[in-house]
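Residues per chain are reported as follows:
2 protein chains.
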Amino acid sequence: MAELSRLSLNTITVRDQWSLAQCIEGCVRHGIPGISPWRDKLAQYGLERAVRHIRDAGLRVSGLCRGGMFTLPNAVEENRRAIDEAAALGADCLVMVVGGLVPGSKDLARARDMVAEGLAMILPHARSSGVKLALEPLHPMTCADRSVLSTTAQALDLCDALGPGVGVALDVYHIWWDPEIARSIARAGSRILGFHVCDWLVPTRDTVLDRGMMGDGVIDIRALRAAVEGAGYRGLIEVEVMSDRDWWRRDPDEVLRVMKERFQSAV
Amino acid sequence: MAELSRLSLNTITVRDQWSLAQCIEGCVRHGIPGISPWRDKLAQYGLERAVRHIRDAGLRVSGLCRGGMFTLPNAVEENRRAIDEAAALGADCLVMVVGGLVPGSKDLARARDMVAEGLAMILPHARSSGVKLALEPLHPMTCADRSVLSTTAQALDLCDALGPGVGVALDVYHIWWDPEIARSIARAGSRILGFHVCDWLVPTRDTVLDRGMMGDGVIDIRALRAAVEGAGYRGLIEVEVMSDRDWWRRDPDEVLRVMKERFQSAV
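Taken in sequence, the protein lines are chains A and B. Just so you know, we're using my numbering here: the first sequence kicks off at 7 and counts up by one. Just so you know, we're using my numbering here: the second sequence kicks off at 7 and counts up by one.
Calculated directly from the structure, the hints in this document are not laboratory data. Fair warning: there could be bad hints in the mix.
Identical copies carry no separate label here, and so any pair may be met within one copy or between two of them.
[Unchecked claim] Result set (DMTMM-like, lysine to aspartate or glutamate): computed pairs, CA atoms no more than 20 Å apart in a straight line:
{"#": "1", "residue 1": "Lys-47", "residue 2": "Asp-22"}
{"#": "2", "residue 1": "Lys-112", "residue 2": "Asp-222"}
{"#": "3", "residue 1": "Lys-47", "residue 2": "Glu-186"}
{"#": "4", "residue 1": "Lys-266", "residue 2": "Asp-166"}
{"#": "5", "residue 1": "Lys-47", "residue 2": "Glu-31"}
{"#": "6", "residue 1": "Lys-112", "residue 2": "Glu-186"}
{"#": "7", "residue 1": "Lys-47", "residue 2": "Asp-222"}
{"#": "8", "residue 1": "Lys-47", "residue 2": "Asp-250"}
{"#": "9", "residue 1": "Lys-112", "residue 2": "Asp-226"}
{"#": "10", "residue 1": "Lys-266", "residue 2": "Asp-113"}
{"#": "11", "residue 1": "Lys-112", "residue 2": "Glu-123"}
{"#": "12", "residue 1": "Lys-112", "residue 2": "Asp-250"}
{"#": "13", "residue 1": "Lys-47", "residue 2": "Glu-123"}
{"#": "14", "residue 1": "Lys-47", "residue 2": "Asp-163"}
{"#": "15", "residue 1": "Lys-112", "residue 2": "Asp-216"}
{"#": "16", "residue 1": "Lys-266", "residue 2": "Asp-151"}
{"#": "17", "residue 1": "Lys-266", "residue 2": "Asp-222"}
Values in this document were obtained by computation on a predicted structure and should not be read as measured data.
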């Protein structure tokens, strides 16, 4: 059973219902010690106000969502801003969703090169800002339009090539199916910068927005938590549920209550 | 450009519209030299009548779809019947979709063991019947309910463990995203028993039934064909499009016409 002292709310779990200010207050009200904001909510609130509010609330920032998207225009500039925001927030990492194919292209190798090149270009700024970049391998079903980084092994190869300051964010939703996952988690070791949980529903009715709450699907979340902790991870555990058919339609206070229960019973 | 002499119709491409007899006649009418029947259509027609009709039509059978499903009850018995049918048809292989998690279970390791055990149990019958078993790695998004065999490397590890008589069927839809695919195809070599084509649509609106016709999506099909041919594959190339929103609603003669055009322009 996961300790509540490890819990962090990824704000997309209540995307449509709450502003960032409401998310912060919700965490305080429900005794949730961590938060991981998305940049759109952060922009709406204003960085300085958000930093002050989060600090005054005594919350820890497990990550900022998200940098990446290196196959779209202006990625480097945009990522530098994201790094500055992560630094201001004192975030444990900046989560990187690296981007899919260049729109209109079928060239997967080129897209992967663009990701490596983009990361190399922003890494000096991340290092000098004290912000760790957490490469998040995304489920292969997102390869075309969100992430050409599909496996943990592939992410670690990229970490090896880039050097210090880069690690991985592992989300059970994206990695649970991987026949190499036990080996990859062991290999990742201290490079695991974030661990995200939700669940895989059967059937899955949408490739992006049909994630389940922990315990409602088929992922052996406890086994994966044991593996990342076996590799040395001691950080916060983010709950990140994207669910336009279910959880996004519920009262956010109910979502946070259930999330806490499931964190203790299914994580 | 792929030669039409390599083309095979996987009958699910016209699932709702045509019986197996109509598929056979359609192939003859359109000059398509190969066919890959599904077992439900085969059962409706009757095995002996189907064998005679296919032989009289001069068609080659690139594969029988499908064996597998080792995590469901009675799998071994059912697979022995499938082997007998593949033998009667003189099919180049029996395509194996190995099965997902045991319903109600989260134990992925156990499901994978059941697959390996089930294959080992039917392999002697396949060998003595002269039927090659083609393990088909399926896209990771099908891991829960269709196939715990998710990558070509994993399939080849299983081939290594099982010995002669087992190879792989590679479908571009399932493998295109894989960062290891070039290495795995080279490793597969003469164990490539089948090659299937269709396309990955953006967006993909269903995890099973929203495949595109070659050329309508983002897969670099030519590059993958070059890779499997570089590994020595000279067999038929099956077109397998599952599409309840588009191709299954069209006139099958139109589907076959477009399929032939696209086979030459996009494969």
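Tested hints:
no. : hint               : in the structure
1   : Lys-47 to Asp-22   : within (10 Å within a copy, 46 Å between copies)
2   : Lys-112 to Asp-222 : between (36 Å within a copy, 11 Å between copies)
3   : Lys-47 to Glu-186  : neither (35 Å within a copy, 37 Å between copies)
4   : Lys-266 to Asp-166 : neither (36 Å within a copy, 45 Å between copies)
5   : Lys-47 to Glu-31   : within (14 Å within a copy, 59 Å between copies)
6   : Lys-112 to Glu-186 : between (26 Å within a copy, 17 Å between copies)
7   : Lys-47 to Asp-222  : neither (27 Å within a copy, 36 Å between copies)
8   : Lys-47 to Asp-250  : within (17 Å within a copy, 38 Å between copies)
9   : Lys-112 to Asp-226 : between (34 Å within a copy, 6 Å between copies)
10  : Lys-266 to Asp-113 : neither (43 Å within a copy, 24 Å between copies)
11  : Lys-112 to Glu-123 : within (19 Å within a copy, 38 Å between copies)
12  : Lys-112 to Asp-250 : neither (30 Å within a copy, 25 Å between copies)
13  : Lys-47 to Glu-123  : neither (28 Å within a copy, 51 Å between copies)
14  : Lys-47 to Asp-163  : neither (32 Å within a copy, 46 Å between copies)
15  : Lys-112 to Asp-216 : between (26 Å within a copy, 19 Å between copies)
16  : Lys-266 to Asp-151 : neither (32 Å within a copy, 28 Å between copies)
17  : Lys-266 to Asp-222 : within (14 Å within a copy, 44 Å between copies)
The structure is inconsistent with the numbered hints 3, 4, 7, 10, 12, 13, 14, 16, although it conforms to all the rest.
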